[in-house]
Amino acid sequence: MKQLILASQSPRRKALLTQLGYQFITQAADINESVKPNENAKDYVVRLAIEKAQGIMSVLPEQKHTQMIVLGADTCVVLDDEILGKPANEAECIATLLRLSNKEHQVLTAIAVVAEDQNSQEHNNDVITKLVETQVQFKSLTVDEIKAYWRTGEPCDKAGSYGIQGIGGQFVTTINGSYSAVVGLPLYETVQLLEHVGLPSSLSNA
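The sequence shown begins at 153 in our numbering and counts up by one.
I should point out that these hints are in silico values taken from the structure, not numbers from a laboratory. Just so you know, these numbers come straight off a predicted model, no measurement behind them. C-beta: ideal position from N, C-alpha, C; glycine also. Some clues are possibly wrong.
[Unchecked claim] Subject to a maximum C-alpha distance of 20 angstroms in a straight line, what follows is the list of computed EDC-like cross-link-like pairs (lysine to aspartate or glutamate):
{"no.": "1", "residue 1": "K291", "residue 2": "E347"}
{"no.": "2", "residue 1": "K291", "residue 2": "D232"}
{"no.": "3", "residue 1": "K154", "residue 2": "E347"}
{"no.": "4", "residue 1": "K194", "residue 2": "E341"}
{"no.": "5", "residue 1": "K166", "residue 2": "E297"}
{"no.": "6", "residue 1": "K194", "residue 2": "D233"}
{"no.": "7", "residue 1": "K238", "residue 2": "E347"}
{"no.": "8", "residue 1": "K282", "residue 2": "E268"}
{"no.": "9", "residue 1": "K194", "residue 2": "D232"}
{"no.": "10", "residue 1": "K238", "residue 2": "E256"}
{"no.": "11", "residue 1": "K282", "residue 2": "E347"}
{"no.": "12", "residue 1": "K166", "residue 2": "D182"}
{"no.": "13", "residue 1": "K255", "residue 2": "D233"}
{"no.": "14", "residue 1": "K282", "residue 2": "E191"}
[What the hints assert, rightly or not] Cβ pair distances, simulated, as ranges:
{"no.": "15", "residue 1": "D233", "residue 2": "E185", "range": "27 to 37 angstroms"}
{"no.": "16", "residue 1": "Q344", "residue 2": "D233", "range": "43 to 53 angstroms"}
{"no.": "17", "residue 1": "Y331", "residue 2": "G305", "range": "17 to 27 angstroms"}
{"no.": "18", "residue 1": "E242", "residue 2": "K216", "range": "40 to 50 angstroms"}
{"no.": "19", "residue 1": "T304", "residue 2": "T170", "range": "23 to 33 angstroms"}
{"no.": "20", "residue 1": "I177", "residue 2": "C308", "range": "43 to 53 angstroms"}
{"no.": "21", "residue 1": "Q322", "residue 2": "E242", "range": "15 to 25 angstroms"}
{"no.": "22", "residue 1": "D182", "residue 2": "S292", "range": "20 to 30 angstroms"}
{"no.": "23", "residue 1": "N190", "residue 2": "I319", "range": "14 to 24 angstroms"}
Construct the complete structure from the given sequences, taking the supplied hints into account.
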């Protein structure tokens with residue numbers, strides 16, 4: 153059985169991948185996450201997922217490539233075609249959540265799997281990707297609510313200044329799409345990609 157590497161130290165992604173029953177190790181990828189000029193949100197999130205997975209594979213000894221599968225993922229929050237990043241301070245958190253207040257926004261999560269192509273004589277690495285888009289509707293928020301939320305510490309490292317799996321979940325009135333993708337790793341799509349490269353889920357062996 154090949155070794156699976158999750159190219160992330162995100163506790164949320166680790167928990168979701170564990171939930172699927174996979175055995176894996178984690179290794180964070182050191183990449184530049186800046187948005188390129190004129191790059192749209194979908195291209196951006198797919199590119200980062202690929203670069204994370206390829207970045208980890210590239211630092212592994214070449215003789216180990218046949219034994220390894222690397223999973224990369226990236227998530228971004230989008231409103232009116234603008235990527236909303238992590239807040240640098242309380243003021244940014246307030247500004248972001250006021251923009252999301254009483255509106256629908258998109259959460260894009262891309263996953264990328266890098267594994268050696270078994271049919272290639274040159275031992276090239278194959279990359280397969282999947283982009284999952286979820287619509288999230290927020291309730292109307294007040295500045296006092298947002299300030300209280302900021303004080304919990306939860307928004308600090310979250311794209312879009314909220315975590316749906318935590319306290320911020322109470323802001324969400326409806327969701328159309330994959331809940332796990334909003335958290336950081338779409339469960340269904342992840343299993344599909346990993347099975348495609350020969351790493352079945354625990355249920356496949358049941």
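Which numbered hints fail: 1, 5, 7, 15, 16, 20, 22, 23
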